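First to last, the protein sequences are chains A and B.
Be aware that the first sequence starts at 1, since it is given in this note's numbering, and climbs by one per residue.
Be aware that the second sequence starts at 1, since it is given in this note's numbering, and climbs by one per residue.
Keep in mind the hints are simulated off the structure, nothing from the lab.
What you are looking at is a predicted structure, and each value in this text was computed from that prediction instead of being measured.
Heads up, some of the hints might be wrong.
[As the list claims (entries may be wrong)] A short, non-exhaustive set of chain A residues, derived as facing chain B with CB atoms under 10 Å:
{"id": "1", "residue": "Glu67"}
{"id": "2", "residue": "His70"}
{"id": "3", "residue": "Val126"}
All C-beta atoms, glycine included, are put in the ideal place defined by N, C-alpha and C.
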Amino acid sequence: MKPIEPGTLIDGFEIGRCIHAGGMAHIYAVEHTPASDGSRRESEFPMVMKIPRMTAGDGAETIVSFEVEHTILPSLHGSHVPRFVAAGDLGRLPYLVMEYIEGQTLEHWLDRREALEPLDIARLGVAVARAVLSLHRQNVCHLDLKPANVLIRPKGEAVLLDFGLSCHAHYPDLLAEELRKAVGSPIWIAPEQVVGVRGDPRSDVFAIGVMLYQLATGETPFGEPATAAGMRQRLWMDPVPPRQRRPDLPEWLQEVILRCLEPEADQRYRSASLLAFDLSHIHQIAITERGRKRRGTGFAVHFKRWLRAAGKQYQPSPLPSRRIEEVPIVMVALPHQDASDATLYSLREAVARSLGIRPGARLACITVVSPSQSSSTDDEHSETTLTRQHITRMKQWAQGLDLSEHQASYHVLESGDVAEALLRYAEGNHVNMIIMGAATHGLHMQRFVTTVPIKVAMDAPCTVILVKQNLPFEVLSA
Amino acid sequence: MKWALLSDIHANIQALQACMAHATHQGIGRWAVLGDLVGYGGDPQPVLEQVMRWHADGACVLQGNHDAMAVTPPDSEDTLGAMTAAWTHQQLPPAERRWLAQLPLTQRVDHMLLMHASAHQPEQWRYVDNERSAQQCLDAARQVTPQVHVFVGHVHHQTLYYQGSGRGLMSFSPMPNVPVPLPRHRSWVATVGSVGQPRDGDPRAMYAVYDDTASRLTFHRVPYDHAAAAAAIRRAGLPERFAARLEQGR
């Protein structure tokens with residue numbers, strides 16, 4: 001299709017300048033067409049029109065992928081996707097009108113000459129993981145995440161673009177076929193996508209891993225294969241460790257990147273929310289051999305994996321939103337004063353029960369201290385000393401839990417308002433369940449004041465379990 | 001306009017009334033009944049009365065194999081279906097039997113093609129129960145009109161067949177209550193499920209709403225008083241199996 005002249009009117013929209021002429025589509029700035037009296041309906045936000053380049057010579061895939069976006073974009077909501085405005089009839093005049101979003105794509109960061117600081121990479125990673133999480137909650141997998149499709153707003157929030165290869169769990173997948181074949185961009189495509197499995201949210205985690213690898217090293221982990229056999233390499237091959245390419249990278253960052261890039265989806269972060277959690281608590285990331293290694297995997301190991309990959313069968317993908325609930329982030333609020341053994345025991349029991357039925361769930365132990373407790377002059381009460389003491393205490397408490405299948409982390413929040421601090425933490429980290437003591441946080445005072453558990457229960461973004469002490473101790477002492 | 005697509009009511013008035021109330025709430029403009037109004041269930045007459053009222057108001061009503069059997073019961077009662085056909089036949093006044101007998105097998109409305117079983121030899125009552133039979137059904141329907149939305153019943157399951165990127169049709173299991181976009185330029189085959197005798201382990205009644213303006217199809221599941229429907233079957237002295245399966249949705 002030839003570029004459209006500015007001023008052309010299409011279904012109530014006036015075409016402005018061409019913002020982007022891509023391989024698949026043109027994108028134009030648009031406004032509502034002026035009425036007969038010259039007045040123009042103001043849009044709440046700037047808009048663009050995306051018109052696919054569809055000519056007789058174009059492959060069916062271009063057309064179908066535009067149709068996929070045409071189907072999925074109107075169903076999406078939230079700040080991590082452009083707002084949908086209108087769509088043209090696919091048979092007559094295909095186009096999509098959506099919100100224009102200010103910002104720069106991740107390509108901008110890749111094009112910079114100087115290396116990015118690890119903390120900046122983590123910040124970008126958190127933003128992308130949160131955007132992807134929001135998409136997964138709506139039962140959509142993006143499946144074509146790459147730097148050009150991730151836009152960062154000036155305030156740092158990520159917005160995902162281009163849903164042409166996406167898969168909505170509740171819509172028929174128009175890109176599926178009986179003879180499965182790879183659909184995706186060769187650099188970022190996940191191993192399971194290479195063999196034609198569409199709709200696994202962990203494929204998006206893999207693509208985030210590729211982007212983080214690029215941001216950290218300036219290179220791509222698996223090159224840019226041009227053939228199907230080249231793409232299949234990632235079914236068995238480990239990439240060169242980022243620290244081999246850039247020795248100053250911290251172990252925690254390599255740990256995160258390589259975990260995202262595991263060939264087996266099960267070995268990766270099981271949800272984008274767990275990835276966002278790690279990248280926003282870098283000091284709590286458990287470093288394994290994966291994070292420490294400075295040399296690539298040897299031939300013998302790769303050869304064995306290659307043999308196994310040849311006969312690989314993939315399981316159908318889980319429902320994206322259910323997957324987030326299956327590996328929840330469980331947060332427990334531990335009181336640091338006036339807590340009886342019975343209370344701590346009951347809290348531990350409740351946490352053990354909640355984690356026990358959910359392998360892979362992550363535990364975050366929180367204690368809230370008031371700012372006045374620390375002082376910068378007194379060594380005994382200095383902030384770091386106190387924080388260390390609290391963390392040690394929480395770790396002792398957690399010793400009674402079987403954490404072999406779970407990652408755990410410990411956090412000291414400083415705030416005068418306990419409920420507010422707990423709520424903000426839960427919301428900021430997409431916590432799925434809060435466990436807290438009823439008595440320790442003053443439930444018995446409820447008659448007189450709004451107590452912490454009630455405030456948390458009323459405003460929490462997730463399930464709250466209030467634990468009453470229930471214990472063998474009173475029986476024993478009786 | 002919104003179409004309510006109901007099929008395989010099987011003389012279950014409780015399920016029909018529940019779906020009717022549910023559909024009315026959605027702002028239905030037109031009703032379509034895709035056959036098998038009777039058979040198996042204990043209330044053929046109340047069901048016929050309701051559907052005949054709709055028919056008089058312009059609803060599309062198609063004939064199903066059980067309707068044909070109730071008009072002319074088979075000589076031998078060697079199957080459970082044949083046995084209930086004879087019972088149903090006795091329950092219905094001649095005028096209602098005549099009405100059932102004159103129902104068409106297929107009906108086309110714009111780009112929609114409605115029928116009880118496959119469009120491939122409709123009088124053979126072929127099931128559309130996998131990608132291959134859906135393809136046969138679609139190939140036959142395309143003889144009528146190239147881009148066609150085919151809505152059928154007969155299989156008691158809700159499935160949407162569509163063209164993926166490969167050559168053959170693909171099947172899709174819909175999520176209840178989630179509207180699925182059905183663009184006009186593609187062909188689709190949907191089995192709308194059974195109002196009166198669900199067989200997928202969920203006793204709730206099934207039907208679908210097709211919005212031909214927005215081009216969206218929504219499959220619904222509606223709870224109803226299946227204990228009352230089972231009681232009607234037992235009261236009529238029909239085989240216990242028909243009552244029990246309503247309670248289990250099998």
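Hints violated by the structure (numbers, ascending): Result: hint 3 breaks, nothing else.
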